[in-house]
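Asker: Chain residues, written in single-letter form:
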Amino acid sequence: MAADSAILVGLVEEFVSGQQDSKAADTATGSLVVLLAFYENRLKDHYVITPHVLQGLKALTKCSVLPPGSAVSILKSLFQDVHVQSLMLAERSCVYNILIQLMESKESELKGLGADFVFGFVQSVDGERDPRNLLLAFQIARKIIRGGYDLGKFTEELFEVTSCYFPIDFSPPPNDPHGITQEELILALRAVLTGTPCFAEFLLPLIIEKLDSDIQSAKLDSLQTLSACASVYEHKELAEFLPGLWASLRREVFQTASEKVESAGLAALTALTACLSRSVLSSDSEDSLNVFLDLVLKDCKHHLCEPDLKLVWPSAKLLQACSSASYRASHKVTAAVMPSLIEQYNSRTQVSSNDSVLLDFSQSLCSIVFSALSESNAGLQITSMHVLTALGQQTGLLVESDVKLAVDHLTRIVLEEEDVTVSTAVVESAGTLARLHPAAFISNMVPQLKGSIFSGGMVTVEPALHQRCVTALAAVSSHPSVVQETTPVLIQVLTSAHTGRSLPLTVEIPQVDRLLLELEELSCTCDHPLSYTSAAKCYAGLVNKWHVGDSIPVSQLFSLLSDPELGSLAADGFSLLMSDSTDILNRGCHADVRIMYRQRFFTENSSKLVQGFNTRKSCYLKALSHILTNLPRQVQITELPALLPLLLEALSCPDQGVQQSTLSCLQPVLLDPPSALITQLEALVGRMLSLITSPSMKVRIASLRCIHALARFPEHEIMPFRARVLRALATPLDDRKRMVRSEAVLARNEWFLLGSPGGR
Amino acid sequence: MAGGTRLENANPLIFQRSGERLHTANDEDEDVLDPIDDREIFDILHVQSINDPEHPLSLEELNVVEQMRVRVNDQQNTVGVEFTPTIPHCSMATLIGLSIKVKLLRSLPERFKIDVRITPGTHASEDAVNKQLADKERVAAALENSQLLEVVNQCLTSNARTV
Chain G
1 MAADSAILVG
11 LVEEFVSGQQ
21 DSKAADTATG
31 SLVVLLAFYE
41 NRLKDHYVIT
51 PHVLQGLKAL
61 TKCSVLPPGS
71 AVSILKSLFQ
81 DVHVQSLMLA
91 ERSCVYNILI
101 QLMESKESEL
111 KGLGADFVFG
121 FVQSVDGERD
131 PRNLLLAFQI
141 ARKIIRGGYD
151 LGKFTEELFE
161 VTSCYFPIDF
171 SPPPNDPHGI
181 TQEELILALR
191 AVLTGTPCFA
201 EFLLPLIIEK
211 LDSDIQSAKL
221 DSLQTLSACA
231 SVYEHKELAE
241 FLPGLWASLR
251 REVFQTASEK
261 VESAGLAALT
271 ALTACLSRSV
281 LSSDSEDSLN
291 VFLDLVLKDC
301 KHHLCEPDLK
311 LVWPSAKLLQ
321 ACSSASYRAS
331 HKVTAAVMPS
341 LIEQYNSRTQ
351 VSSNDSVLLD
361 FSQSLCSIVF
371 SALSESNAGL
381 QITSMHVLTA
391 LGQQTGLLVE
401 SDVKLAVDHL
411 TRIVLEEEDV
421 TVSTAVVESA
431 GTLARLHPAA
441 FISNMVPQLK
451 GSIFSGGMVT
461 VEPALHQRCV
471 TALAAVSSHP
481 SVVQETTPVL
491 IQVLTSAHTG
501 RSLPLTVEIP
511 QVDRLLLELE
521 ELSCTCDHPL
531 SYTSAAKCYA
541 GLVNKWHVGD
551 SIPVSQLFSL
561 LSDPELGSLA
571 ADGFSLLMSD
581 STDILNRGCH
591 ADVRIMYRQR
601 FFTENSSKLV
611 QGFNTRKSCY
621 LKALSHILTN
631 LPRQVQITEL
641 PALLPLLLEA
651 LSCPDQGVQQ
661 STLSCLQPVL
671 LDPPSALITQ
681 LEALVGRMLS
691 LITSPSMKVR
701 IASLRCIHAL
711 ARFPEHEIMP
721 FRARVLRALA
731 TPLDDRKRMV
741 RSEAVLARNE
751 WFLLGSPGGR
Chain L
1 MAGGTRLENA
11 NPLIFQRSGE
21 RLHTANDEDE
31 DVLDPIDDRE
41 IFDILHVQSI
51 NDPEHPLSLE
61 ELNVVEQMRV
71 RVNDQQNTVG
81 VEFTPTIPHC
91 SMATLIGLSI
101 KVKLLRSLPE
111 RFKIDVRITP
121 GTHASEDAVN
131 KQLADKERVA
141 AALENSQLLE
151 VVNQCLTSNA
161 RTV
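Which chain is which? The protein sequence lines are G and L, in order.
The first sequence: position 266 = 266 (the numbering used here), numbered continuously.
The second sequence: position 130 = 130 (the numbering used here), numbered continuously.
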């Protein structure tokens, strides 16, 4: 009989495959219907033949030209007349294969069956034990769920018939020819259980229950299943179970016995948080993410502040897991946790596990911050910059590579982000961090910004970008070493801006009044000498271009000479006027330099100088010596006779600056002395000799040089002074400063040779 | 007689003539005391000398400069100079030694005891010469001699830096 059945089946299969031939299509349908009816009816017969019938049906279902409606009738007969679980293994497989086949080829028809199909399936599978068949059953179940079949009121039944196997506990027999592993079963089942949100209300309690189990594999499976379903579910499915889930997860991490379980737990937590973060809120629904995180924070936060209890680490890990789920979560967690952590970090000086908590936390925080900075959301960027700044301010928290990465991010934001609030934040952040980590900024940010500013010439650079770069450069100049790098750039910017639009006198500088006011304030109130000097110079530059006549400021300067406080400074001002200053008042800066200005200045003003002399000598003398020093030599010589008494007076003036400038003024003249000087020799020698003991090194040197120069005077004039000079010059030979001594040696030797055989 | 012994300096410093002594920040600082050191004495003896063909007797020409060893002790007020005359003629050695001595006398504070001698083993009459150089009265007397003084001055003139 068995052999016959095999033949029969073989015949049927042949028949079926024969039906593929389209020529026989017309006749086929009819024959098929007959065959099907025959088989279906045989199902009602004695159970002995059922297996064969099933084989035949299986073969029939493979036919691609099954008439419509036949799938439904087959299934109806099956479900009605066959009790699947009382069949043998092979027959049960057969049934499942039939189902699979029909689902594949006649999906729409099956769906027409509605929930009855599901019910029929549930009844067929209920109690199945064989792993191979289970795999088939899970496959069908998954198809039902994913395929969009209507579960109707049998959702729970479907869930129960599959979840009873959870968690899978299967040990394959030795020498198992089929090679089915526990892992395969677990995964197949998991796909079913987590396949639809409809199961959530059943699955989640099940998970919580199974998490209580002592068996590690059960815990692991539960946690992994939880992670899997969280990626499918929405917050509304999770909402009521959150407290229970949290309690279990917390327990698993706090009291963990196994690393695997702990990491699975953390992964599950992350998945949960991510799911909650995905939720779209309506105006009246509560924010489940917030609620959940509040729960987590309530339990974990205070542990972080007790560094000696062993709960610090698990708490930190839980918080990390939450914050790595999404930006919203990390936002909330960091905002809650960082302040107290940082405060703790600051207050504890000894190396303890607390440090590493923050450090560890900061590592994951860094990665979150960096990815947040890459996002285009402005609010996110701003917050992450605040976090970054806070981290950067804690010494030792950020490693060098992190700092460099941070700087790169900030640079990119400066260059690319146009949002005003973001620009302000990045400038602030950069400024604070530059003070603490100057090296990274110097090597990374400054060159890039500089390149951006000067690329392609000034005209083509977009003004907003230019503005941002310059502002950023100014902001990071909060550390001396950075200033050294940025100042040249900024000055270059200013000068090129200046030359770009300057024409002396005729150009209207926009808002010049306001500019003047600000410069004035800066010059007067700023502490930093370079800043206020530069501001003053700018101010002066602007003012000078304004005035057409040049006589007004000078007379003011003269009047200032008599002022007790400012007189000396005013006198130095003359030096500025007369000498060649490199950054102002020269032709390069569009100063209107007329020829022979120095001489004219001198001629116009010397009478004033001489007049005012009696009232306030030292300043006048200073001014005078400044002016004289810068005169061309010819003028010096011509004017000298008139001023000689003044100069001599200057030599006795107590002010060292005056002495020095007079001496240096005199020395070149002494080399080729005009007769006027020779008449004053006694006075000169006397004064100079007294100066070689001056407290100021420079004055001593200058006077020694003058005395050396005096040796050039006609011999008969100076010989009377020789002995005196030689005696006086013995003292500076032992001067405390070498530079003075060497001048004394030169001078004294020169005087020795005077009038001596073999000398000059 | 003068109590001077050989220079203790076994490894003398031979200064390069190239380049002037560089100024350091301390040199310009009013409050820092610069002690007198060997280099300073060396510089006194030949500061930027010029080859002057009119004065063939300059210390450069005599090639004495390179061979000088200088040792000064500012605290103990002693200066020792050893020179190696390349010309074996007795009178030249004396002249050179005298020039050095005179230069130092004119250039150093009075407190210093100046000892000028010939490098041991480089001249046949070194003892005699050293004795003369160490004798103060003899030196003073020599300088009264205008001819001698002239020659000495000539030696030293070409040593002087032009202003």
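There could be a bad hint or two in this list.
Cross-link-like lysine to aspartate or glutamate pairs, in silico, EDC-like; alpha carbons within 16 Å at most [stated by the list, open to error]:
id, chain 1, residue 1, chain 2, residue 2
1, G, Lys-106, G, Asp-130
2, L, Lys-113, L, Asp-74
3, G, Lys-153, G, Glu-201
4, G, Lys-210, G, Glu-157
5, G, Lys-698, L, Asp-29
6, G, Lys-153, G, Glu-104
7, G, Lys-698, L, Asp-74
8, G, Lys-698, L, Asp-27
9, G, Lys-260, G, Asp-214
10, L, Lys-113, G, Asp-734
11, G, Lys-698, L, Glu-30
12, G, Lys-62, G, Asp-116
13, G, Lys-62, L, Asp-31
14, G, Lys-210, G, Asp-150
Now the stretches of chain G that chain L is said to cover, found in silico as 3 or more residues with beta-carbon under 8 Å [as the list claims (entries may be wrong)]:
id, segment
15, 732-738
16, 746-757
Everything labelled a hint here was simulated from the structure, so no lab data went into it.
Note that beta-carbon positions come from the ideal geometry of N, C-alpha and C, so glycine has one too.
Asker: Each of the hints needs a verdict: does it hold here or not?
Answerer: Against the structure, the hints come out as follows:
Restraint check for Lys-106 (chain G) and Asp-130 (chain G): not satisfied, since their Cα atoms lie roughly 27 Å apart, outside the 16 Å limit. The hinted pair formed by Lys-113 (chain L) and Asp-74 (chain L) meets the criterion: a straight-line CA distance of about 10 Å does not exceed 16 Å. The suggested pairing of Lys-153 (chain G) with Glu-201 (chain G) holds, with an alpha-carbon distance near 14 Å, which does not exceed 16 Å. Of the pairs offered as hints, the one joining Lys-210 (chain G) and Glu-157 (chain G) is violated, with about 19 Å between alpha carbons and a cut-off of 16 Å exceeded.
For a cut-off of 16 Å, the pair hint linking Lys-698 (chain G) to Asp-29 (chain L) stands: about 10 Å separates their Cα positions. With a C-alpha separation of about 24 Å, the suggested pair Lys-153 (chain G) and Glu-104 (chain G) falls outside the 16 Å cut-off, and the hint is violated. For a cut-off of 16 Å, the pair hint linking Lys-698 (chain G) to Asp-74 (chain L) is broken: about 24 Å separates their Cα positions. Proposed proximity of Lys-698 (chain G) and Asp-27 (chain L) is supported: the alpha carbons are some 12 Å apart, at most 16 Å.
A threshold of 16 Å between alpha carbons decides the hint, and for Lys-260 (chain G) with Asp-214 (chain G) the separation of about 14 Å falls inside it, so the pair holds. Pair hint Lys-113 (chain L) plus Asp-734 (chain G) holds up; C-alpha atoms about 14 Å apart against a cutoff of 16 Å. Restraint check for Lys-698 (chain G) and Glu-30 (chain L): satisfied, since their Cα atoms lie roughly 9 Å apart, inside the 16 Å limit. Restraint check for Lys-62 (chain G) and Asp-116 (chain G): not satisfied, since their Cα atoms lie roughly 23 Å apart, outside the 16 Å limit.
Pair hint Lys-62 (chain G) plus Asp-31 (chain L) does not hold up; C-alpha atoms about 110 Å apart against a cutoff of 16 Å. This hinted pair does not check out: Lys-210 (chain G) and Asp-150 (chain G) have alpha carbons roughly 29 Å apart, beyond 16 Å. Figure legend: the segment 732-738 of chain G, annotated as covered by chain L; annotation consistent (5 residues with Cβ-Cβ distances under 8 Å, at least 3 required). With a cut-off of 8 Å between beta carbons, the segment 746-757 of chain G has 8 residues touching chain L; three or more are needed, and the interface restraint holds.
Consistency note: the structure conflicts with the earlier hints numbered 1, 4, 6, 7, 12, 13 and 14.
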